[in-house]
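Participant: This is what each chain is made of:
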Amino acid sequence: MAPKVVICGVGALGSTCVQYLRNVDAELRLIDFDRVESKNLSAQWFVKQSLGKNKAEAARLQLANFYGAKAEAMNVKLGAHNASQLLADCALAVDCFDNADSRNVLSESARAANVPLVHAAISGDGTFGLVRWNERFTADREDAEGQATCEGGEHLPMIGLIGATLARTIQDFVLRADRHDYLISLSGVVRTS
Amino acid sequence: MATLNITYNGHSADYELPLDFATSDADIRRIAVEIVRSGGLRGLHIANLAQNAFASFVIDRLTGTDGAQRIYLRPKVPFGA
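First to last, the sequence lines map onto chains Z and W.
The numbers in this note's numbering rise by one with no breaks, and the one at position 123 of the first sequence is 340.
The numbers in this note's numbering rise by one with no breaks, and the one at position 24 of the second sequence is 32.
The following block holds chain Z by itself, in its conformation from the complex:
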C-alpha cells in the first residue's frame, strides 16, 4: 500500500510542489481552505479554469485532468482542533503554510503524532528559500503583518526552484526514507544535512 503524504497549504510552494508529485508512489492528501483568485495565476500552479475553486480541490482536478493522477482534496483550515485527524494514518506531512502560527500548530501536532514533517519556506523578497525537516526547523515571522510576497509573479522562478526541491525531498523520503535539508538561493541549491 502506498504511503500517504499530506500537503498542508496549496498556494505558491504547495501547488508548485504538487505538480512534481504527480508520479510519486504515494497517496496525496491536499489541505487548503483558500480559493483561487486571479492574482494567484502569476505565482501559483493554477489555471484560469480554476478561478473561484478551493485551492485543494483545484489542484486535485488539475492533477486528474492534466495527468490522470489521483489525490484527495480537503477544503478545511488546519488547526489544533483538527490536526490530529488530518494527519491520521499519514506517513509524511509537508508544511507549505504562509504564516508562523499555522506552521507551529502543524509542528506540534506532527511531533505529538510522531509523523515526519518537512517544511518549505520562501523569503519576502523571493531571493531565498529553505527545505528543512521539523527537527531543525523554527518558523520565522513576518517583519510586518500582511507583508506582501509572491503576488506579482516576479518570484515565480524561485518558487519553482523551491517547489521542485521540496518534491525531490518528498520523493527521496518515499523511496529511501532519506531526510535531507536544502538551502535554496539564486546561486543554486545546497544540501545542508
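It is worth saying that the hints were derived from the structure and are not from the lab.
Hints are not guaranteed to be accurate.
[To be verified] Short derived list, chain Z residues pointing at chain W, Cβ under 7 Å:
1) TYR237
2) LEU278
3) ASN282
4) LEU303
5) PHE314
6) ASP315
7) ALA337
8) THR344
9) LEU347
10) ASN351
11) ASP357
12) GLU359
13) ASP360
14) SER402
In this text, all values refer to a predicted model and were calculated from it rather than measured experimentally.
Where a beta carbon is used, it is the ideal one built from N, C-alpha and C, also for glycine.
For chain Z, the structure is supplied; the task is to place chain W on it using the hints.
Facilitator: This is chain W only, laid out in the frame that chain Z set:
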C-alpha cells in the same frame, strides 16, 4: 570551530575562516558586515553595505551528521502558500 555561511541578496557562500560556534548573534552580524564589505565572501562584495544590513536576519547553528558545525546567516523565510 564553525563555518559561517552568509546569504544576502540572493547569493549564498561560505566564509573561509572558521568562527567559534558560540559567537554571539550580534557579533556574527557585525562580522558578516565586515566580511561582505571587505570582499571576503566570494561573489558578494558590497563596499558600502549598511551596518544594519543583517539586523532582521536569522542565525541557525547546525551540527551535521559528521559533527561539522555550521552557522547560517540568512533572510527570514515566513512565506509558503
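Participant: A separate judgement is required for each hint: does it hold in the structure or not?
Facilitator: Okay, the hints, checked on the actual structure:
1. A cut of 7 Å between beta carbons decides the hint on Z/TYR237: the least distance to chain W is about 16 Å, and the hint is violated.
2. A cut of 7 Å between beta carbons decides the hint on Z/LEU278: the least distance to chain W is about 18 Å, and the hint is violated.
3. At its closest, the beta carbon of Z/ASN282 sits 22 Å from a beta carbon of chain W; the interface hint therefore is violated under the 7 Å criterion.
4. About 15 Å separates the beta-carbon of Z/LEU303 from the nearest beta-carbon of chain W, more than 7 Å, and the hint is not met.
5. Checking Z/PHE314 against chain W by beta carbon gives a least distance of about 5 Å; that is within 7 Å, so the hint holds.
6. Taking 7 Å as the C-beta cut-off, the interface hint given for Z/ASP315 holds, the closest approach to chain W being about 4 Å.
7. For Z/ALA337, the suggested interface contact is upheld, since its CB lies about 6 Å from the closest CB of chain W, less than 7 Å.
8. Among the interface hints, the one on Z/THR344 holds; its C-beta lies about 4 Å from the nearest C-beta in chain W, closer than the 7 Å criterion.
9. The closest approach between the C-beta of Z/LEU347 and any C-beta of chain W is roughly 5 Å, which is under the 7 Å cut-off, so the hint is satisfied.
10. A hinted interface residue such as Z/ASN351 counts as satisfied when its beta carbon comes closer than 7 Å to some beta carbon of chain W; here the least separation is about 14 Å, so the hint is violated.
11. With a cut of 7 Å, the hint placing Z/ASP357 at the interface with chain W holds, because the nearest CB-to-CB distance is about 4 Å.
12. Taken as an interface hint, Z/GLU359 checks out: its beta carbon lies about 5 Å from the nearest beta carbon of chain W, inside 7 Å.
13. Interface restraint check for Z/ASP360: the shortest CB-CB distance to chain W comes to about 6 Å, inside 7 Å, so the restraint holds.
14. Hint status for Z/SER402: holds, given a least beta-carbon distance of 4 Å to chain W, under 7 Å.
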